[in-house]
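Participant: Going line by line, the protein sequences match chains A and B. Note that the numbering used here numbers the first sequence so that position 285 is 285, with each residue one more than the last. Note that the numbering used here numbers the second sequence so that position 217 is 217, with each residue one more than the last.
Note that these hints are calculated values from the structure, not bench results. There may be inaccurate statements among the hints.
Unchecked claim - Each computed DSBU-like pair below joins lysine-lysine, with the alpha-carbon atoms no more than 35 Å apart: (1) A:LYS188 / B:LYS146; (2) A:LYS149 / B:LYS149; (3) A:LYS149 / B:LYS188; (4) A:LYS188 / B:LYS149; (5) B:LYS146 / A:LYS254.
Number of protein chains: 2
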Amino acid sequence: MQEPEDFAKRLRLLEQDRAHGASELARQALKILADNALQGAAGSVDELRALLSRRAGLLAGARPSMAPLHNLLERWQCSLGELASDDMGRFRRAAAEEALALIESSRRAVQEVASHACNQLAQGSILITHSLSSTMMEVFRQHGGKGLKAIVSESRPLNEGYNLAAEISRWGIATRLITDAQIGLFAKEADVAMVGADSLLPDGGVLNKAGTYLLALASRDLGVPFYVACESFKLRTPEMGKAELEEMDPAELKAPELPNVEVRNVYFDITPPSLITGWISERGLIREWDGRL
Amino acid sequence: MQEPEDFAKRLRLLEQDRAHGASELARQALKILADNALQGAAGSVDELRALLSRRAGLLAGARPSMAPLHNLLERWQCSLGELASDDMGRFRRAAAEEALALIESSRRAVQEVASHACNQLAQGSILITHSLSSTMMEVFRQHGGKGLKAIVSESRPLNEGYNLAAEISRWGIATRLITDAQIGLFAKEADVAMVGADSLLPDGGVLNKAGTYLLALASRDLGVPFYVACESFKLRTPEMGKAELEEMDPAELKAPELPNVEVRNVYFDITPPSLITGWISERGLIREWDGRL
Numbered sequence: 001m002q003e004p005e006d007f008a009k010r011l012r013l014l015e016q017d018r019a020h021g022a023s024e025l026a027r028q029a030l031k032i033l034a035d036n037a038l039q040g041a042a043g044s045v046d047e048l049r050a051l052l053s054r055r056a057g058l059l060a061g062a063r064p065s066m067a068p069l070h071n072l073l074e075r076w077q078c079s080l081g082e083l084a085s086d087d088m089g090r091f092r093r094a095a096a097e098e099a100l101a102l103i104e105s106s107r108r109a110v111q112e113v114a115s116h117a118c119n120q121l122a123q124g125s126i127l128i129t130h131s132l133s134s135t136m137m138e139v140f141r142q143h144g145g146k147g148l149k150a151i152v153s154e155s156r157p158l159n160e161g162y163n164l165a166a167e168i169s170r171w172g173i174a175t176r177l178i179t180d181a182q183i184g185l186f187a188k189e190a191d192v193a194m195v196g197a198d199s200l201l202p203d204g205g206v207l208n209k210a211g212t213y214l215l216a217l218a219s220r221d222l223g224v225p226f227y228v229a230c231e232s233f234k235l236r237t238p239e240m241g242k243a244e245l246e247e248m249d250p251a252e253l254k255a256p257e258l259p260n261v262e263v264r265n266v267y268f269d270i271t272p273p274s275l276i277t278g279w280i281s282e283r284g285l286i287r288e289w290d291g292r293l
Numbered sequence: 001m002q003e004p005e006d007f008a009k010r011l012r013l014l015e016q017d018r019a020h021g022a023s024e025l026a027r028q029a030l031k032i033l034a035d036n037a038l039q040g041a042a043g044s045v046d047e048l049r050a051l052l053s054r055r056a057g058l059l060a061g062a063r064p065s066m067a068p069l070h071n072l073l074e075r076w077q078c079s080l081g082e083l084a085s086d087d088m089g090r091f092r093r094a095a096a097e098e099a100l101a102l103i104e105s106s107r108r109a110v111q112e113v114a115s116h117a118c119n120q121l122a123q124g125s126i127l128i129t130h131s132l133s134s135t136m137m138e139v140f141r142q143h144g145g146k147g148l149k150a151i152v153s154e155s156r157p158l159n160e161g162y163n164l165a166a167e168i169s170r171w172g173i174a175t176r177l178i179t180d181a182q183i184g185l186f187a188k189e190a191d192v193a194m195v196g197a198d199s200l201l202p203d204g205g206v207l208n209k210a211g212t213y214l215l216a217l218a219s220r221d222l223g224v225p226f227y228v229a230c231e232s233f234k235l236r237t238p239e240m241g242k243a244e245l246e247e248m249d250p251a252e253l254k255a256p257e258l259p260n261v262e263v264r265n266v267y268f269d270i271t272p273p274s275l276i277t278g279w280i281s282e283r284g285l286i287r288e289w290d291g292r293l
C-alpha cells in the first residue's frame, strides 16, 4: 500500500537519521503516530487502527538495530486494543494521548537511568564514552556540575561524537575529543567507561555504535569498569529473533572509489556481556545479568 | 647552529611526512645524509664528520617514535669512524656509499621479512591490517597472486589505509576498506591479523599507528592470530630510554573548535607482547620473545 507523501517523508528522515540515538528516534516515531492518530485518513475506527498498525510496523522496521523503536511502538499498539472504539474522535484523541504518554515515560526513564548512572561517578571522575546517546547526554547534564571530565571519541563515519562534545562543551565540561583509533590510548586515563545502547540483547550483550566493542575490550584490558546505561525499553526479547546490524551508505566514509575495493559501513557492533561490568537501568545498577533491565 | 635551507627543508618534510612508514623514512634520511656526505660544506674531514654527525642527530630526532631511523643512522655514524680520513674526496664517496649500502640492506630486510610473513599465509587467506607499512605492502605484493584477500582500516586522522588500499587494488587484491571503529566487527572475518611496526620495544611490545592495540585486542578476543612483521632495524634498545608517542597537529582531525574541548591526536599506541602471537623478522617467525629480532 502506498503511504501518503507526508508520512513517507517522515519515515525516510527516521531511516536516514544519524544524529540521534535509539530512544530519541523512538520518541520521534511515537510523535509521528500521535499525529497520524489525530489526522490519518480513515472512514472508521477499524480502518484507522489498521492504518496506524501498518505505519507503526513501517516505523519500527526502519531501524531494525534499535530495540526501543520496536518496544515502544509495540506497547503503543497494545494500548490501542484497549481503547473504546465507539467514537472516532475520542479514539483519535485517546490513541494520540497514549503515544504522548509513552514519549513522556521514555523521557522519564532516561532521567532515572542517568540519575542511577551518576551514582557510579565520583566528584571529578573522568568518563570515556563512544558515540552519541541521549542517556549519556543526560548523565553529563546531571553530573556536569560535579567536576565530571569527558573523553569523547569522534565515532566515524559521521562523527556523532562531535555533536556530543558540542553539547557538553556548553555545560563547561572539560572534554578531550579523540579519533576512534585512540580509544585504547585514552581509556587508561579514564576512571569509568560508560555507553548508552541502541538495543540490549537477551543475554545482556549490548548492540551499540560500531567501536563500542573496542572500547569495552580496552577497558577490560586496562582495568577500567565498563557500564551500559540504558532504559528497560531497549531490551530485545528472544521473540524478536537475531538482531540485525544495519549497514549504511558506504559513501558516508568519503573513501576513494577503487577497483577491487569494497567500502563497508556497518553501523553497529555487539559487545558480549562478559565485557560488561554492570548495566544501569531504571532499577539501578545490575551487576549480574538476570535477563531483565 | 643554523643549518642551510636545503637541509632544513628536507628535515621538515621528514618531520611532517604522514604517508610513509618508519623504514621508508629511515631510508629517506640515509639518502639525505649520502647527499650531504658528497656535498656538505666543510674544510676538513673532521669538520665534515662533525657536520654529518650533527645532521644525523637532527634527522633521527625528527621522528622519535621510529626506531629504524635511530638505528640505521647510528649504524651509519659508526661506519664513518672506520673510514680512512686522509683524503677528503675519498671520505666523501665512502661515507655516501655506506649510506646507500644501508638503504639497500634495509630494502632487502623488508623483502626477507615479507617472504617469511607469507609463509604464515595460506592460499586465499583473509588478512586484516591497520595503517600503512612498507613491510605489509611487500607482503601483499608477494602473496597477492595466491588469492590473498585484505581487510584494511582507514587509520584516522589522515587515512593512510586509503593509500594502502589504492596500492593493493592495482595488484587485484580483493579488499574491504573499513573505518577504524569497525575493526572489531571485521577482525572475526579474518584468518590472520598482521601489522608492521614503527618501533619494537625491548620487551617485544610494538609501537605502531594508534589503533593497532585495538586490532590486537579484538584479534585475541576472537581467536585470530596477531603477527608483527618487522625488520631487526626496528628494535629499540633499552639504552634508547622510554619510547615517545608522537602527537601531531590536532587540526588534522578537522573537528570543530569548541570551548572546553581539547582535540587530541596521538599518532602511536603500544601493543603489549602478551597480545602478540608471533614476531616475523629476517630470522623468520619468533613465537617466544627472546629480546631480539
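Participant: Please go over all the hints and tell whether each is borne out by the structure.
Facilitator: Hint by hint, here is what the structure shows:
{"no.": "1", "hint": "A:LYS188 / B:LYS146", "in the structure": "violated (41 Å)"}
{"no.": "2", "hint": "A:LYS149 / B:LYS149", "in the structure": "violated (42 Å)"}
{"no.": "3", "hint": "A:LYS149 / B:LYS188", "in the structure": "holds (34 Å)"}
{"no.": "4", "hint": "A:LYS188 / B:LYS149", "in the structure": "holds (34 Å)"}
{"no.": "5", "hint": "B:LYS146 / A:LYS254", "in the structure": "holds (30 Å)"}
This entry does not satisfy hints 1, 2, going by the numbered hints stated previously.
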